[in-house]
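Novice: Listed here are the chains, written in short residue letters.
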Amino acid sequence: MTAKKLGLKQRYAHMTRGLDWETSYQPIDKVFPYDQFEGIKIKDWSAWEDPFRLTMDAYWKFQAEKERKLYAVLDAFAQNNGQTGISDGRYMNVVKLFLTGVSPLEYQAHRGFAYAGRHLRGVGPRVAAQMQSLDELRHVQTQIHTISHYNKFFDGIGEFQHMHDRVWYLSVPKSFFDDARSAGPFEYMIAIGFAFEYVLTNLLFVPFMSGAAYNGDMSTVTFGFSAQSDESRHMTLGIEVIKFLLEQHPDNLPIVQKWVDKWFWRGHRVLGLVAMMMDYMLPKPVMSWKEAWEIYFTEAGGALFQDLARYGLRPPKYADIATAEAEHISHQNWAIFYQYTHAAAFHTWLPDAKHMDWLSEKYPNTFDKYYRPRFEMWGQMAKEGKRFYNMALPQLCQTCQIPMGYTEPGDPTTICFRRTQFRGETYHFCSDGCKDIFDNEPEKYVQAWLPVHQIFQGNCGGATIPDVLAYYRMNVGADNMDYVGSPDEKLWNEWQADKIKTAV
Amino acid sequence: MSVVALTPDYEKHIEFRDLEKNFHGNRVVYLHWEQHLSFCSAIAFPLPPSMPFAAFVEAIVKPHYAAHPDFQRIDWSQVVWMIDDEKKTPDMDKSLEENGVKHKSLVRFWTPGLEGYKGSAS
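Keeping their order, the protein sequence lines are chains G and B. Just so it is clear: in the first sequence, position 116 is 116 by our numbering, and no numbers are missing. Just so it is clear: in the second sequence, position 91 is 595 by our numbering, and no numbers are missing.
Derived by calculation from the structure, the hints in this document are not laboratory data. As the structure is a prediction and not an experimental result, all values here were calculated from the model. Errors might be hidden in some of the hints.
Keeping only pairs whose Cα atoms sit at most 25 angstroms apart, straight-line, the calculated DSS-like set for lysine-lysine is [unchecked claim]: (1) G:Lys444 x B:Lys525; (2) B:Lys606 x G:Lys435; (3) G:Lys444 x B:Lys606; (4) G:Lys354 x B:Lys622; (5) B:Lys622 x G:Lys386; (6) G:Lys383 x B:Lys622; (7) B:Lys566 x G:Lys386; (8) B:Lys622 x G:Lys369; (9) G:Lys30 x B:Lys516.
Derived, one-sided and incomplete: chain G residues facing chain B with beta-carbon distance under 10 angstroms [claimed, not checked]: (10) Ile239; (11) Tyr370; (12) Tyr371; (13) Arg372; (14) Arg374; (15) Pro409; (16) Pro412; (17) Gln454; (18) Phe456; (19) Gln457.
We put the beta carbon where it would ideally sit given N, CA and C, even for glycine.
Construct all of the structure, not just a fragment, from the sequences and the given hints.
Specialist: Now the structure itself:
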């Protein structure tokens, strides 16, 4: 008689439980020194339920299948010169920002989950974290492989890893993950697994991938699809962590709430880059940032927090401010990059009349009043041969590290300045959200590596702009400045001319 | 100590990264022209504390804001200055330090009658 096949639940139990060891000559706290210092109380590790119940053998099989499909599409894309089929050469700047700003975060996520997977003493969450760690490593690899095809033709991509550690605006996403990875394992899980993956990642992956598809970038869409099934698993892990912690002990609630507040706000700031991609950088826009925020945060996030209310968890502090900022953030961010285009590793441009009309339609209360005049003024200046640059370095927020370009809640004409004193030193912030984060852990954030201050201290290659750009390994004149007049534009126009000739 | 850390003496190891002594004799000064948000944020400079305020206006403030169409119309005698939340009339002959500009001070100024391109605060 053949042995009866195990059910999914039993099989999962066999593959994940009992994998740890009972220590004999060392206390268990010495083997797992990190999962208690944050103050989280766990009574029963075995209460962890992994809703996906994915075992390692199933994981390999499933992921291998996805890899085969991904690389088949990438080969086809390369052989058919898919890069010539995107909507417009400007589109590629979205991909550059993604590769320099987001893909290294996948690697950071891999490292962070590997660490959490080692340091949680419960075997269930440990297996789940290790699985996610592998996913994240796969994501950075597939993204690099996908985008490497574009690197044969377009500027600004080749030094992405070096740039991630050095370039001023990339300190924004980098500091987000540095902050999370230098926290304890539970804070890390809430920061990335819950706040980023569950509450905010939809805003990155769903509208951004639609934007890629709409602009003919089938290559990027393919890695998006390949990653998306992992993302849903990660989101489930994020929500499971929250529920597990809140069910284990009532003392966990205030700690978790504080982390949710903190990481929501930090995530909101980082995603401002995506806001700008959606509203300004897609030659064929798909939906405004404000619309995306309403669907994926206000509605989806709202429903999630209603579910979590039974544990006593409330929506993140300043969610209302973040929602009000959805009117402004993309315009303010694009304005930052336009005036610092000489120090950015991608191209900028002014929205044309048609694009500005689209923005007016999407932002009827604010665009024409506050932002259209700014772009029209710059357009006029450019026409007169006086293209507008900001030749000084910006004041940065001590927490999010973004130039302090955001305005007061309710007053889009006044910059929001906040500051605090810690042991006789002054620190500046762009918002109450960022100030609160600092005030809760000043010892951590006084150590922030602020690019502007580092340049002034002489730690970034020298005192002049060319010195600093060399330190960034920026190929000046190709990687940076306006799209109009760039080698990218020249190449794109040649391709278009070739297409027309072929058709005649 | 408010930070939750694995190491009990974490506080002893923290590095205040932006202390004045790290800036080679200069102090960081932030400057912002109000109602002119085409300059996306306040701008930062490493400056000697002994710099006279008049030199600060001539060598720092003016060249960095000259690109704006409103710039030529500024009546410098009417400018309203604020140093760290306090409205002040700086003594132009005295140094930044004597005018109360400290390390990482924020200097904001308003130019009455000028509210940016077409009154949009841009």
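Novice: Give a verdict on every hint.
Specialist: Results of checking the hints against the structure:
{"no.": "1", "hint": "G:Lys444 x B:Lys525", "in the structure": "holds (20 angstroms)"}
{"no.": "2", "hint": "B:Lys606 x G:Lys435", "in the structure": "holds (20 angstroms)"}
{"no.": "3", "hint": "G:Lys444 x B:Lys606", "in the structure": "holds (23 angstroms)"}
{"no.": "4", "hint": "G:Lys354 x B:Lys622", "in the structure": "holds (21 angstroms)"}
{"no.": "5", "hint": "B:Lys622 x G:Lys386", "in the structure": "holds (18 angstroms)"}
{"no.": "6", "hint": "G:Lys383 x B:Lys622", "in the structure": "holds (18 angstroms)"}
{"no.": "7", "hint": "B:Lys566 x G:Lys386", "in the structure": "holds (17 angstroms)"}
{"no.": "8", "hint": "B:Lys622 x G:Lys369", "in the structure": "holds (10 angstroms)"}
{"no.": "9", "hint": "G:Lys30 x B:Lys516", "in the structure": "holds (24 angstroms)"}
{"no.": "10", "hint": "Ile239", "in the structure": "violated (24 angstroms)"}
{"no.": "11", "hint": "Tyr370", "in the structure": "holds (6 angstroms)"}
{"no.": "12", "hint": "Tyr371", "in the structure": "holds (8 angstroms)"}
{"no.": "13", "hint": "Arg372", "in the structure": "holds (8 angstroms)"}
{"no.": "14", "hint": "Arg374", "in the structure": "holds (4 angstroms)"}
{"no.": "15", "hint": "Pro409", "in the structure": "violated (15 angstroms)"}
{"no.": "16", "hint": "Pro412", "in the structure": "holds (8 angstroms)"}
{"no.": "17", "hint": "Gln454", "in the structure": "holds (8 angstroms)"}
{"no.": "18", "hint": "Phe456", "in the structure": "holds (4 angstroms)"}
{"no.": "19", "hint": "Gln457", "in the structure": "holds (5 angstroms)"}
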